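J.: Residue numbers (the numbering used here), protein chains in the order written: chain A, 1 to 500; chain B, 501 to 621; chain C, 622 to 1181.
Keep in mind that the hints were calculated from the coordinates and are not lab data. Keep in mind the model is a prediction, meaning the values are calculated, not measured. Backbone N, C-alpha and C define an ideal beta-carbon position, used for all residues, glycine too.
Chain A side only, calculated, beta carbon under 8 Å to chain C, not exhaustive:
1. 343
2. 397
3. 402
4. 404
5. 416
6. 419
7. 420
8. 422
9. 430
10. 431
11. 434
12. 437
13. 441
14. 445
15. 453
16. 489
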Amino acid sequence: MLSTLLASDVVAPFSSPKIDYHALAPELVLAGVIVAVLLADLFLEESKKWVLSTIAGFGLLAAFIPIVTLAVSGHRARSMFGGAYVVDTYSLLVKGIFLLAGYVVVLLSQNYLEEGDYYQGEYYFLLLSSILGMVMMGSSRDLVTIFVSLEFLSIPAYMLAAWRKRDLKSNEAGTKYYLLGVFASAVMLYGMSLLYGDTGTTILKGIGAKLQNGSMSPVAVLGIVFVIIGFAFKVSAVPFHNWAPDTYQGAPTPITAFLSVASKAAGFVALINLIYVAFPHGGDVFQPMIGVMAASTMTLGNVMALRQTNIVRMLAYSSISQGGFILMPLAVAGGKSSGNALTAIVTYLAVYAATNLGLFAVIIAVSRKTRSGEVSSWGGLFSYAPLLGVLATAFLASLAGIPPLGGWVAKFGAFRAVITSGTNWGYALAIVGAVNSVIAFGYYGSLMREIWMKPVPDGDTAPIRTPSSLNAALMICGGATLALGVVPGIILRFSDIIKL
Amino acid sequence: MSQLLRSYLTVAMFGAIGVLLAALLLAISALVRPNRPNADKSKVYESGVDPIGDGWSQSQIRYYVFALLFVIFDVETVFIFPWATQLERYAGFGLLEMGIFVFVLLLGLVYAWRKGVLRWV
Amino acid sequence: MLTDHNWILTVGVFLPLAGVLIMLFIPKEEESLNKAIAIITAAVTLAVGIATMAWFKYGSDSSKLQFHVDVAWIPAIKSRYIIGLDGVSMPLYILSMVITLLVMIYSWDHIPEPGNAKAFMILMLILQTGMAGTFVAQDLILFFVFFEVVLLPMYFMIGVWGGEQRQYASLKFFLYTMFGSALMLVAFLALFFQTGAQSFSLEYLYAHSSMISTNVAVWIFAGMFVGFAVKVPMFPFHTWLPDAHTQAPTQGSVILAAILLKLGTYGFIRIAIPTLPQAAVKWAPVIGVLAVIGIIYGALGCLAQTDMKRLIAFSSVAHMGFVMLGISTLTQFGINAAVYGMVAHGLITGMLFFLAGSIKNRYHTLEIAKMGGILKRIPRLGWILGMCAMASLGLPGLAGFWGEFPAILSAYSPFHNDYVHLSQPLFRTLMVIAAIGTVLAAGYLLWMFQRVAFGEASPLIAGDVDADGNDLHAGAHAGDHAGDHLVGERGHGAVPFSVGAAGNADPHAEVHDVGIFEWIAWTPLLIGIVVLGAYPDLMFKVLNGSVTKLLAPVQALTGK
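Assemble the whole structure, with the sequences as input and the hints as a guide.
T.: Right, dumping it as structure tokens:
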């Protein structure tokens, strides 16, 4: 957009841009819901604030409707604003993932907020804003649009991380997240400015046409490296991961779920947009870098997770390590397994969202009773809450990649992508991944051990009462995790046809 | 592989130059500037007055909220002025867009009003 | 299509899950009902299995894949739901059903600490689906999924219902196996891409194995080797096995020994060798050497054990060494012997673990030194133990012999054709060492039997055993575990069935001899051991055609 503004003649007659309202419908619906939530919060009495979560939840589902109608409408791609905003099968798929993940987070938040006595209106307002940013990220095909989407999704998340404002750890969480996030934005913006300077356009497709392997200017190389580093912060890839454990531990648990799933997924979506559209011929530059990052991310995340005694912190490192697995296919993007890599990442994101959100739902449910975040507080969970115990086991097994739960499809796709590349790099990465998936079971297994084999720590075996919204979240995630593992076709048939 | 190394060499050189430049500037200024310490210079600067109390004293939050409100509506004019100069050119489309823009900002005002920000006491 | 009865495999594999679904809706307090449903499910599953056997076409057709189903499953990754049964998989498929049913019957009055029969039975049913599925899968991804499905139930079975060191043992079991299967998956994928990324179907992979250069194939084989060798387990990867077996509850040990170990050897025969014949020839000497090391190492390990269960576990290492030796010869003779050995080992070692479990129930120890005179106190159990020990050491006329002896014999003349041959001197040396292994086997088994069975009846560990042979300690920990009051109920439920099983004239007859549920659970295994020992051709006839077919890619090697 910036480029078109700069290039256009100031006195030329103005014609209003053609806007495809159907294509923008999900964003428009979401924007409407955001306004509705804000207004409703202002004029509702304190006792009726529960309406807000209902509006937010139904709003997210309403925004999902146009995604379905767009998907069945048959247009393969609707491009707007000179190619800066594209609605295609890929973006529809990731938008769908964001919206459904957002819906589950709303379900998780409902009782957490009501019982914890937190501000509700602003919470849902910020949450929805962040989701809107993610939905926009799915379609962003322009450096400026990407940047705006990124800030749109990040800034509300900074505030949400610090939502438990009387808790020192939550303040730390918000501050760290904010400072490092802003730093990452700065690095990324610098990279973007270099790219713009080198290629003269902010449209990703235009950049892609200018950047060619071998004949790339040093400035462009710097640009690519800085942009990727910026997003490496966002997806908490090693060595840019330091904020994640503290932030995850301090933030309210539903927000931790949101950050570790949706926000991370948005970072990956942005990376995909950039790498597949802007740097498809820059493999020489980004592949080794991402490969090394992927290997060190999964390894370090795993090794650190082994030592944790706090569940959320353990999951923070687990999510870092899972991020390494998602990065793995990106390390071979641009080569002959490009298509496989794209399928693998999107599939992984979907499976990971279902599984991790489910696990956080269990954590929230259990901590309603135990009021503790320590691993040992889960002792004997199976004996007094068998359903939660089995669900937690299923989610952990899925994260560990054990069939027939969803995780194996995700891991399988990632391995498939790196092995198709046929390079030694690819095989080496696959071996590192294989070894890591074993290490990961060390801590997933230790949680399972608590659930099944340890005694109840305080002998209190009263069953856990879970509110209906939490039950719904558990059922959605549990069902999705199992279904994705048994009939992977339900996600693969979509993620396999997407192209960029 | 050499191509690969060359790519990353650029990045490494860039980083090295960045560090060197900063170090160089600090070094030059350290060499060139006169060094005459006195007691007043090491004081915490506070409008030229001797500091009173500790650094963590509280200030009225309302100043902050008002400042924020001011900035929002101040920036609003920055967008409205250029639009106003081209009002006829952008015609109906421009009017609609600006209407949405002002509406969203208005929501902010309503929010501030309902939350009691506009009352001073 | 229905005339082929090809639905029957799918039903046979997934029927246990239907039982699981029903059990999910029954509260765990309904202990007997839960057990009954599980046993009925397993029995119906076995009935389906027997129908499968009846419809199976024997003779020259036994080499074909029967009940073949091939439908789309995950089109995006070119993986299909392909299942089928041939002569090699059929015995193992049926064995898994038989063992599961027997183990469940045994569980009627032997649910280990800390109770909760519902969860225990559900895990066994899931295990059954995983095991049966592995034996019928004809697509690598499907195979992988079933192969992994058995992991978690077994992990929990050892970890929750196991002995003192259960948590350590279960985690060790899991990490070892998972490490193997992770590398195996990478190898599967590499195989897939090296053959043109067309299909994961085994049939396709057999036909296109020559597309892979030997150098690459050797590496892919290495990945599979680790995956399967951990499961077998072969010598350097075996250390999880003694721990897992010793700590697992009886039921877990039996299933582990009888079926799970076979998944590894089956993988070699079904996947690794036919899809990568050129690499199999390179690896065969390594496998052979490791197998023989396993035989000797396992036997020496046995001689050093003081714990009966641990001794049986080490004997498994040795026996699986014979199986692997047979496989490593890459000859029809050797692989026939290997499959025979797998089934025989399943029956015999499964039976031995049952016995060890029952002895532990009565004596509360498995220290060989503390037992003695079992023949006096519980003669029937003692004689069964004697028979199984004989079968295990390879006495002609019992099943063990036909697994062990031909395997050794096959090493005399390992695989060779006009272009490729395995080193004859090496394999003949291995043959001699393996033969020494059988002597050692006779040594440790007889020694064990002698110390346990003969002599004066050793004093019981007082006060531990009630009239039913049930554990009185069970109540002592009540309150620690939510399910514990159920253990008490179990005692009452068991009384009517156990009374009358006594028949011991010994004055210290607090210990019951073999109980009714033990009889039901053990008789089929004992019959199997005798029948397979007396009439080995019963199974060799079924195996031979399929083995020939699986070895065809190896036969066709041209050495290029």
